[in-house]
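Participant: The chain contents come next:
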Amino acid sequence: MAKITVNEVSKRYADHTALDSMCIDIPERCIYGLLGPNGAGKTTLIRILNQITAPDSGEVLINGEKLCQKHIAHIGYLPEERGLYKKMKVGEQAIYLAELKGIKKAEAQKRLKEWFDKFEISGWWDKKVEELSKGMQQKIQFITTIIHNPDILIFDEPFSGFDPINANLLKEAILDLCDKGATVLLSTHNMASVEELCNSITLINKGKSILQGKVSDIKRQHDTHQREIIVRCDDTLKVMNIAETYNNIKVEPTDRPDETKLTLFSESPNELLNQLLQVGQLVSFKEMLPSMNDIFIQEVQSKNKAS
Amino acid sequence: MNKIGLIIKREYLTRVRKRSFLILTFLGPILMAAIYIIPIMLALHSSTDHLRIAVVDESHWFENNFKTNEEHTFVTMPGQPIDSVKEMVKTGVFDMALYVPPTQLNIPSNAVVYSIRQVPMEVETHISSVMEKEIENQKLMAKGVDPEIVSAVKTDVNLQIMRMDEKGNEKETFTEVQFTLGLILAILVYMFIMFFGGQVMQGVSEEKTNRIIEVIISSVKPFQLMMGKIIGVSLVALTQFVLWIVLTLVLYLGFSTYLGLSNPEMLSQGTVMAQEITSNDIMSNESVQNILQIVQSIDFGTIITCFLIFFILGYLLYATLYAAIGSLVDNNTDSQQFTLPVTVPLMVAFFSTFYIPNNPDSSLSVWFSLIPFTSPISMMVRIPFGVPIWQIVVSILLLAVTFVFMTWFAAKIYRTGILMYGKKLSYKEIFKWLKYK
Chain D
1 MAKITVNEVS KRYADHTALD SMCIDIPERC IYGLLGPNGA GKTTLIRILN QITAPDSGEV
61 LINGEKLCQK HIAHIGYLPE ERGLYKKMKV GEQAIYLAEL KGIKKAEAQK RLKEWFDKFE
121 ISGWWDKKVE ELSKGMQQKI QFITTIIHNP DILIFDEPFS GFDPINANLL KEAILDLCDK
181 GATVLLSTHN MASVEELCNS ITLINKGKSI LQGKVSDIKR QHDTHQREII VRCDDTLKVM
241 NIAETYNNIK VEPTDRPDET KLTLFSESPN ELLNQLLQVG QLVSFKEMLP SMNDIFIQEV
301 QSKNKAS
Chain P
1 MNKIGLIIKR EYLTRVRKRS FLILTFLGPI LMAAIYIIPI MLALHSSTDH LRIAVVDESH
61 WFENNFKTNE EHTFVTMPGQ PIDSVKEMVK TGVFDMALYV PPTQLNIPSN AVVYSIRQVP
121 MEVETHISSV MEKEIENQKL MAKGVDPEIV SAVKTDVNLQ IMRMDEKGNE KETFTEVQFT
181 LGLILAILVY MFIMFFGGQV MQGVSEEKTN RIIEVIISSV KPFQLMMGKI IGVSLVALTQ
241 FVLWIVLTLV LYLGFSTYLG LSNPEMLSQG TVMAQEITSN DIMSNESVQN ILQIVQSIDF
301 GTIITCFLIF FILGYLLYAT LYAAIGSLVD NNTDSQQFTL PVTVPLMVAF FSTFYIPNNP
361 DSSLSVWFSL IPFTSPISMM VRIPFGVPIW QIVVSILLLA VTFVFMTWFA AKIYRTGILM
421 YGKKLSYKEI FKWLKYK
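Quick note, the sequences are listed as chains D and P, same order.
Residues 1 to 307 (this note's numbering) make up the first sequence, in order.
Residues 1 to 437 (this note's numbering) make up the second sequence, in order.
The reader is advised that the hints may include incorrect statements.
Claimed, not checked - Here are the simulated DSSO-like pairs of lysine-lysine, each with C-alpha atoms no more than 30 Å apart in a straight line: (1) P:K9 <-> D:K105; (2) P:K9 <-> D:K89; (3) D:K134 <-> D:K110; (4) P:K9 <-> D:K134; (5) D:K206 <-> P:K18; (6) P:K412 <-> D:K70; (7) D:K86 <-> P:K18; (8) P:K18 <-> D:K128; (9) D:K134 <-> P:K428; (10) D:K104 <-> P:K18; (11) P:K9 <-> D:K110; (12) D:K86 <-> D:K110; (13) P:K221 <-> D:K86; (14) D:K86 <-> D:K127.
Honestly, the hints are just simulated from the structure, not real lab data.
With the hints as extra help, turn the sequences into a complete structure.
Facilitator: This is the structure in structure tokens:
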């Protein structure tokens, strides 16, 4: 059974439709990517899951139960627009936010101390938020998001504002939480992190789901059988001559004069390889699966053209 | 503890711990005490300022009229030329010189005061009143009227105002006291609504600009957050109010004991003089004795109860509106266009406090004190004069119903407004939000 089921959810605002009969199934213990261009309806969907707004029609199920007030304690949400009270002390604020999620003060204090030790930021407890750098504030924001041990985590652009080191720390923390049983919904424009983290995705455009499934499956479906071959040969003319006999090949020079890059669009590269091996040295052979970035652009553009 | 309680607690504690709260808490009573103490100090101080005044009267009308009194010494200098007296003023023998030029046929209506320092107002009034009185007497005598008769004719009329109710009970009323009391109460309500309503607005827009709002409303309902803030701030207002009263009393008592120990006579003298200065008319001893009666005639039970009800309901009504406005505001610059609908009724209510005391039972006054947006302030002006119970009840009910409706209205705007960033908002658009689910 799916952890989260979004069933025919629609939401209309005065001048546009934010979500149009959206259906998504998010399995348990996975990292699920929510992709889409700006204004596609991702944030609206996330706000519906967090009960910040209500759908006009359709329903959301959590563990098969209709979404209700008690689920708030099961969800940890890191919004895209996030911040903290600037004038409040770090520790005090973290306890306040944990208490709002329904955790007793003593328990919140104990858990926070552990997390602060883990992130090596115990010295910040009595500092005011405005004294911290943006990256430091993000760490505290992350801790307050997960302090109530939610089994559903929703991250909206979690990596913005992090340097590569802290982004990596965050990435590991997310993977770790998923290992421990959490279901993660990740909304991001950062396609590299989607490929690294997500098991499955939904691509939303103009309130509708236009692509859904496992990342590996989606990549297979979009495979254009592109192979990249680099050959080393002092006489590049020989390579060119071989290439000219194929019509599905693209030849490009590289930054070394004796190396040539060939891009082949074919499922059977063996014949070409045999010919090339006779004239020169094979440097590399790569299967070029399309990146999520390419798929994103391709899918959204083709949908927009069609409409 | 439930969530709204947590929000109230945070709002209350962060505000009470602020330095500005402490400063205001201590500054308020000092200002209030100063209103009372400074006139006393001034009265005590000015009575020690003794002036020596030379009188050169070449008309010979007033030679016997300027008598040395407690405050000033008058020295008549018959036959002395004014120029030599002026020299004496310059060298400091006298503080100032009064010169009445000679007249043969006319009545002397000109006089000059020569002085190095600024002539106190009170000396000016004294001199001209002495001269006017003497001229008046002389004129009466010329017409053959004995001034004795004139003074015997003068009578002070003591006008007593008695309010009656249906049962025929009569009660004496004191307009000045009611006027002052009503005005103070109304201005207090106005100030607290403006100040603490503004704090609610600021708090809401701070949460919005800080971008913490979405984090919080994923844990609590926007309505809970809004009400928690409004109630938390109202508790701060009440705390400040109580502290002000306590501190003012402490300051006043402290000051009285200090003065009372050093010179009990001065205190009573000072107090009487201060009252003379503040009320700007000379209260007779009789009316001082009447103070007890006045105090007894005021129905403090009703006034305090009404004050608390109207103060709290009025604050709540405006605070919900301020919260809605705060949710629309991205930064402080565009808050103006949205605060206008709130400040206008407040200002109207404030200006009504100038009109109502003149005629507290006129139909306009009644309307002001019934309409929910002006009633918290306008009704307070009327309360000390006595208001029919049905009007108070209707006014409170209207206020309460409007508050409930406004809370619904404000919550709808608030819920959508807090999540809107970087968008120019029009009233038309805001009204569409009321329909959102």
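Participant: Next step is simple, just say for each hint if it's right about the structure.
Facilitator: Each hint, compared with the structure:
A threshold of 30 Å between alpha carbons decides the hint, and for P:K9 with D:K105 the separation of about 14 Å falls inside it, so the pair holds. In summary, the hint linking P:K9 to D:K89 is supported, as the alpha carbons are separated by about 15 Å, within the 30 Å threshold. Note on D:K134 and D:K110: the hinted pairing holds, with a Cα-Cα distance of about 25 Å set against a maximum of 30 Å. Taking the CA atoms of P:K9 and D:K134, the gap is about 28 Å. The hint holds against a cut of 30 Å.
Distance check on the hinted pair: D:K206 and P:K18 sit about 47 Å apart at the alpha-carbon level, beyond 30 Å; violated. Taken as a hint, the P:K412 and D:K70 pair is honoured in the structure, with Cα atoms around 23 Å apart against an allowance of 30 Å. With a C-alpha separation of about 13 Å, the suggested pairing of D:K86 with P:K18 holds against the 30 Å cut-off. Annotation: proposed proximity of P:K18 to D:K128 holds, straight-line Cα distance about 14 Å (limit 30 Å).
Restraint check for D:K134 and P:K428: the C-alpha separation of about 37 Å exceeds 30 Å, so the hint is violated. With a C-alpha separation of about 26 Å, the suggested pairing of D:K104 with P:K18 holds against the 30 Å cut-off. Between P:K9 and D:K110, the direct Cα distance comes to roughly 21 Å. Compliance with the 30 Å bound is thereby established for this hinted pair. Taking the CA atoms of D:K86 and D:K110, the gap is about 23 Å. The hint holds against a cut of 30 Å.
Proposed proximity of P:K221 and D:K86 is supported: the alpha carbons are some 22 Å apart, at most 30 Å. With a CA separation close to 10 Å, the supplied pair D:K86 and D:K127 stays within the 30 Å bound.
Hint compliance for this structure: hints 5 and 9 are broken, all remaining hints hold.
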